[in-house]
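Following the hints, complete the assembly by docking chain C onto the known chain A.
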Amino acid sequence: MLQQLLQLVLAGLTVGSGYALVALGIHIILRATRVINFAQGEFVILGGLLAYTAVSACHLSVLVALPLATAAGFAIGLLFERLVIRPAERSGELTATIATIGTVYVLLYGHALIWGSLPQPLPFFSGGDRDVVWHAGGVEIAAQQIWVVGLLAAALAALWFFFERTTYGKAIRAAADNPLGARLVGIDVDRARAISVAIAIALAAFGGTIIGPITLVGGAAGVAISIKGFVGAIVGGLDSPIGCTLGGLFVGVLEQLLEAPFSYGIADPVVYSLLLAMLLVRPQGLLGSRRAVRD
Amino acid sequence: MAALLELRGVHAGYGRLAVLHGVSIDVQAGELVAVLGPNGAGKSTLLRTISRFEATLSAGSVRFDGRDLAARTPEAIVRDGLLHVPEGRQLFAGLSVDDNLRLGGYTRPRAGLEQAVADTYARFPMLAERRSQEAFSLSGGEQQMLAIARALIARPRLLMLDEPSTGLAPQIVEGIFELVRDLKRAGTAVLLVEQNAYLTLKNADRAYVLENGSIALAGSAAELARDERVQAIYLGGAADEAGE
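Read top to bottom, the protein sequences are chains A and C.
At position 191 of the first sequence (counting the first as 1) the number is 190 in numbering that gives the first Met the number 0, and the numbers step up by one without a gap.
At position 63 of the second sequence (counting the first as 1) the number is 62 in numbering that gives the first Met the number 0, and the numbers step up by one without a gap.
Keep in mind the hints are simulated off the structure, nothing from the lab.
Ideal Cβ positions, reconstructed from N, Cα and C, are used throughout, including at glycine.
Don't take each hint at face value.
[What the hints assert, rightly or not] Interface residues of chain A toward chain C, partial, derived using beta-carbon atoms under 8 Å:
# : residue
1 : Asp130
2 : Gly168
3 : Ala170
4 : Arg182
[Said to hold, decoys possible] Label pairs and their computed distance ranges (CB to CB):
#  : chain 1 : residue 1 : chain 2 : residue 2 : range
5  : C       : Ala127    : A       : Ser288    : 22 to 32 Å
6  : A       : Trp159    : C       : Gly139    : 41 to 51 Å
7  : A       : His134    : C       : Ala127    : 33 to 43 Å
8  : A       : Trp133    : C       : Ala127    : 49 to 59 Å
9  : A       : Arg281    : C       : Pro37     : 46 to 56 Å
10 : A       : Tyr108    : C       : Arg154    : 50 to 60 Å
11 : A       : Pro86     : C       : Thr55     : 19 to 29 Å
12 : A       : Val105    : C       : Ala17     : 39 to 49 Å
13 : C       : Thr55     : A       : Ala153    : 40 to 50 Å
In isolation and in its complexed conformation, chain A is listed as follows (with noise of 0.2 Å):
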């Protein structure tokens, strides 16, 4: 029972991990823009992709697919920001939230136009086609999940070093607390806008690489990584990067741990109406502030 219950929390913090990536992303373009980005999934599905294809086009190794997929979103963060969220924000944070909806669709019906509608497999990254798998004290533990959640407390760190210990991540929290105090100090805030959102969707290019293997990469499961991303967000708190990790985390664990004894069908009515509940009952999330929400 014990072993079951270990096994269900390693499998749901591997899916949280990708929720986890989500839900910063948007905890980071929500900063910078005051947009909330519903295709943050979509993204995670398109890293996935180019990874897909770096490895089986390319015959790259996906160990050399996850930086190129990393930077690729990097420079395709910087194309959403430039094409869709600036232009949109002219007329209002709410025009640009929708048109992030709308990216949802262009870039769901875009990648199975190029890559087909049906989801296609990456290689785990130890041992290719069929993961290793160590057994320990009765709980199976695969190495996939071991770089999954190793790579997502690396991608925490480097986030946390440039945001906190760089001038550059300094200036580009200063531009999202204060643009007019940011100018005035001499900061290119739309610069420092569109890093961020390239940073955000680099984030979830590399989410999807490293759930990649375990979950298979394309078709429609975008939207659903989205909402979940977001729940962790909400439910951590939209403010703060360790509420939006942790929540994240808490979604993949909850969603995994509700579906093994109760069937399939039961985790996704839950985690929905969690997003809800937080919603009414605590908007500004576990581990927010309440100027968050008044904001």
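Same frame as chain A, but now just chain C:
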């Protein structure tokens, strides 16, 4: 000698709202110049037009150090050495005092920044005490000092202060004027918009009186302090407001 800052026939405002109607002023290098005038005269808009902070120029020219500012981005203007501390201060409320200060030096080379931060803490000991606090937790006077200190880290050649003393205790106001005198001694030009006409005229080299978006009077601070209209409206008014 060409002036450091030179405005000629400036018309400016916000969108279709015209606030300034043909304003011409000069600030020489190292000079302390004041702008007085009633509320709504366009004093803040004047500074906002110069730094391209929200207000937009519709006619006329603004030149800083010989460069036409209409062709420069707000970031480039900061890099040129023209710094603006607006009303409302525009601090980074959620960032620490230390981060606020260091971001003030965003446009300058990293070399020398540590020394400048250390000098700033020596000059403003109360900021040193609060260096790791978030800026929103400071008192009004401390926030004003931080806003000025953040601008000074960028090594301005011209510092524009918009009503730095408004809403602050007399002791803090005196501290701000002392700081302005220090800046002048160090050769930094200051363009000061103030409500406190008495202290302003006592410290300034020259002053302009702005009324309804146009320059109504101009001259040395000493001349203006003797002017009957200025005495009646601003110095009298300042005495009334002193109780606020």
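Status of each hint after checking the structure:
1. A hinted interface residue such as Asp130(A) counts as satisfied when its beta carbon comes closer than 8 Å to some beta carbon of chain C; here the least separation is about 43 Å, so the hint is violated.
2. Against a cut-off of 8 Å between C-beta atoms, the interface hint on Gly168(A) is violated, since the closest Cβ of chain C lies about 10 Å away.
3. With its C-beta approaching chain C no nearer than about 6 Å, Ala170(A) sits inside the 8 Å limit, and its interface hint holds.
4. Hint status for Arg182(A): holds, given a least beta-carbon distance of 5 Å to chain C, under 8 Å.
5. Checking the proposed 22 to 32 Å range against Ala127(C) and Ser288(A) shows it holds: the Cβ atoms sit about 27 Å from each other.
6. Checking the proposed 41 to 51 Å range against Trp159(A) and Gly139(C) shows it is violated: the Cβ atoms sit about 33 Å from each other.
7. For His134(A) and Ala127(C), the Cβ-Cβ distance of about 58 Å falls outside the hinted range of 33 to 43 Å, so the restraint is violated.
8. At about 53 Å, the CB distance of Trp133(A) to Ala127(C) agrees with the hint of 49 to 59 Å.
9. A hinted range of 46 to 56 Å holds for the C-beta pair Arg281(A) and Pro37(C), which are about 48 Å apart.
10. Between Tyr108(A) and Arg154(C) the CB atoms are about 54 Å apart, so this pair conforms to the stated range of 50 to 60 Å.
11. At about 21 Å, the CB distance of Pro86(A) to Thr55(C) agrees with the hint of 19 to 29 Å.
12. Roughly 43 Å separates the CB atoms of Val105(A) and Ala17(C), a value that falls within the hinted 39 to 49 Å.
13. For Thr55(C) and Ala153(A), the Cβ-Cβ distance of about 46 Å falls inside the hinted range of 40 to 50 Å, so the restraint holds.
The structure is inconsistent with the numbered hints 1, 2, 6, 7, although it conforms to all the rest.
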